[in-house]
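Based on the provided sequences and hints, a complete structural model is requested.
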Amino acid sequence: MPQHKLGARAEYRQKEGQRIIESPPLATKFPKLKSLKVNLEFFPPESEVRSSQIKYVVNLAHAKSIFRFDCLNKECIRGDFDLTEVLTTAIAAKKKVVEGELRCGGWRNKESIKVTLCRNILRYKFNLGY
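Numbering (our numbering), first residue to last: 21 to 150.
Keep in mind that the hints are not guaranteed to be accurate.
Claimed, not checked - Taking lysine-lysine and the DSS-like style, the derived pairs with C-alpha atoms no more than 30 Å apart in a straight line are:
(1) K57 - K114
(2) K75 - K116
(3) K84 - K94
(4) K145 - K75
(5) K49 - K35
(6) K94 - K54
(7) K145 - K49
(8) K54 - K75
(9) K75 - K115
Just so you know, the hints here were simulated from the structure itself, not pulled from any lab data.
Put into structure tokens, the structure is as follows:
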């Protein structure tokens with residue numbers, strides 16, 4: 021039986037998923053981190069109208085240390101938001117609050133690869149306890 025060929029988005033997500041699975045839990049990688057609250061707000065590229073929001077308290081024993089979130093654009097190719105470095109830097113500096121903004125660096129859709137970037141926005145806030 022022939023194998024089904026994955027599209028660019030599915031292949032990228034599969035590789036990222038494997039990278040996450042192979043990463044250690046936050047509690048293992050950062051034993052001094054005792055709590056992490058996350059607030060994520062997603063926006064379209066040229067809008068101040070929030071399209072989605074996620075607030076949660078991270079279970080450090082189970083959450084993986086690769087800390088990334090999918091772009092909300094379902095057609096985005098090779099985008100998404102990787103906050104791993106932001107979180108690692110904040111923990112190393114023992115920061116209690118970290119806020120910032122990232123833009124998706126993926127392509128808007130498969131027809132616009134190498135032409136139009138996705139540029140969706142993620143605004144994040146972390147409250148960290150040690």
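Status of the hints after comparison with the structure:
no., hint, result
1, K57 - K114, "holds, 15 Å"
2, K75 - K116, "holds, 17 Å"
3, K84 - K94, "holds, 23 Å"
4, K145 - K75, "holds, 9 Å"
5, K49 - K35, "holds, 21 Å"
6, K94 - K54, "violated, 34 Å"
7, K145 - K49, "holds, 21 Å"
8, K54 - K75, "holds, 18 Å"
9, K75 - K115, "holds, 19 Å"
The structure fails to meet hint 6 from the earlier list, while all remaining hints are met.
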